[in-house]
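There are 2 protein chains.
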Amino acid sequence: MSLPIALDGMGGDAAPAMVVEGAAIALARDPDLRFVLFGDEARLRPLLDRHPELRAAVELVHTAEFVAADAKPSLALRQGRTSSMRLAIDAVKEGRAAAAVSAGNTGALMAMAKVVLRTLPGIDRPAICGVFPSRRRPVVILDLGANVACDAETLVQFAVMGTVFARAILGVEAPRIGLLNVGTEELKGDDVVRRAADMLRASPPPIRFGGFVEGTDLVEGSVEVVVTDGFTGNVALKIAEGVARMFRDALKETFTSSLRGKLGYLVARPALASLRERFDPRRYNGAMFLGLNGVVVKSHGGTDALGFSWAVKVAADLVRQGTNARITEEMRAVAHALAPVARAAAS
Amino acid sequence: MSLPIALDGMGGDAAPAMVVEGAAIALARDPDLRFVLFGDEARLRPLLDRHPELRAAVELVHTAEFVAADAKPSLALRQGRTSSMRLAIDAVKEGRAAAAVSAGNTGALMAMAKVVLRTLPGIDRPAICGVFPSRRRPVVILDLGANVACDAETLVQFAVMGTVFARAILGVEAPRIGLLNVGTEELKGDDVVRRAADMLRASPPPIRFGGFVEGTDLVEGSVEVVVTDGFTGNVALKIAEGVARMFRDALKETFTSSLRGKLGYLVARPALASLRERFDPRRYNGAMFLGLNGVVVKSHGGTDALGFSWAVKVAADLVRQGTNARITEEMRAVAHALAPVARAAAS
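First to last, the sequence lines map onto chains A and B.
With my numbering, the residue at position 65 of the first sequence is 65, and numbering never jumps.
With my numbering, the residue at position 33 of the second sequence is 33, and numbering never jumps.
Mixed in with the good hints there might be a few duds.
One copy or two, it doesn't matter: identical chains are merged, so the pair holds either way.
[Stated by the list, open to error] Cut-off 30 Å, straight-line C-alpha distance, at most; resulting in silico cross-link-like pairs (DSBU-like, lysine-lysine):
#, residue 1, residue 2
1, Lys72, Lys188
2, Lys188, Lys114
3, Lys313, Lys72
4, Lys188, Lys93
Calculated directly from the structure, the hints in this document are not laboratory data.
Pulled out of the complex, with its shape left as it was, chain A reads as follows:
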């Protein structure tokens, strides 16, 4: 069955070429995809002409407006009503597309998505969700920066969304949830995380609370889902990316700065190539906006066509798995189970 996806043709450092080529890769992998592509027709048309198969699967909608990478979200929201980004989200709202994918300004995309799509029943605030290539397994982490401060109820909603996401995207039947903290003992952390832990312990399946986890656990992959507020999650993600990049660069320098280094690289090349593939950031591209009445995926702004194609795949998977209906359903069950806990806490 054909699956229409709205694309912001103008978002991302290498847009629009990267978007068009990414869509072509995604289509070759998944021929049921269709695209509604928003952006500057004069620039997009020649790019599409290079990919006849893609051209047949694309409806091109012209707009000259786009959201700048450094635009303030509040300003983009007010002034960007005909931008390629906004039109892609509108297409989801109107049912012309089942999901939207953009590699543009994250803050603007979240602001627009919140206003246009609104949150799912039972969800107070949407979260940005990502997949982290940890040592043992891919780990789902949220929130990556949509909410700098969160109360315990919000963290529980994130846990529900993360659980449904891990089942849909990673195929884990009963993912364990870890609540990020400064230590694993029950008394660690502030009131918010301790209260969230109490609520998660009282939640019914499929919620499977694995207790507090530390930064190291995220990297080791001790659980399948890590829940935290957007401040800590954002810092965590950027540090992990930064350290990974520093090591890649240091390794590259090691293998190019001396003759022996260069020779060693040539000899060990097959092994090093598989190392590079394992940690290829493009394979983990795509931050999902969860908790909205519609699927929106944010591709990394600096990614290439291959990375963008993965973000498109994640959007398609989320739609096909009925993720949003599942989130609503599980959230209802959790809220029902937690009602006595909430009443006890309030009295």
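On the provided structure of chain A, position chain B as indicated by the hints.
Just chain B now, with coordinates in the frame of chain A:
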């Protein structure tokens, strides 16, 4: 001039041998050091007998008690009054030692140090401070976990402590301070970081506020000092350590899993050795407890003798640079300059 340092002989995974050997390395590097070594005499004496030069520089004080690595800080505080850790801190309080170094239980060490030594004038809460091997330069970061939640005033105090520390230990004359946030724009983050930023902007030299920084900046080394609350700082440190370890292990696997990998390693060995040295975690061992009436350094529990010797060096440097007197003095100047700001905010 001789400098007496109190050592917790029983703290750390490889204690007591690691402590004694670490002290021997530190002494060989810095012959003015003297040690007051607390712990089980029956185990420490034979170890000291292997290092005649160290033996002459050590006063051994027997105690059979020690704080377990997994002991609850509150319990250790009540029941560990004659533990090797507590006696080392007492020695600083009593002036028998100029600083204490322990590789034991961090929470217990902080709890004891707070109760025994109390905070410096003008400082509400001590912080755990570390040095991070970033791309461009070593970066000072605090708090690493002593305070899960911090108000703006506390973050400003951390900035003062971090500045004095960076001058003392890294020799940077006017270190730039970055406040960790989810973005660098002035409007990002919560009220606490925004208010702390306002206060830091109004602070006199040597405080040099470089604005908000993100997780990536910590890794890149865009500033010399990064200030954050203990929750985020702890997660940041553990993620950075975790990712670094994951890469080291993946690299090792790459060079041992195939014949070409092994050969490549042999050829490139000199270059790879310098890479390993650059990121050797032992060189960055030692988390400093800043803001107390006394110098206390926490060595990583899993470190070896060489790592422990670096923690001892940091303790000696902090004493010789008169760090605590400088913190008190700078804090007085900052509080004076901020008094009008605080009055304006309160009215």
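Right, here's what the structure says about each hint:
no.: 1; hint: Lys72 with Lys188; in the structure: between (37 Å within a copy, 11 Å between copies)
no.: 2; hint: Lys188 with Lys114; in the structure: between (33 Å within a copy, 18 Å between copies)
no.: 3; hint: Lys313 with Lys72; in the structure: within (29 Å within a copy, 47 Å between copies)
no.: 4; hint: Lys188 with Lys93; in the structure: between (42 Å within a copy, 28 Å between copies)
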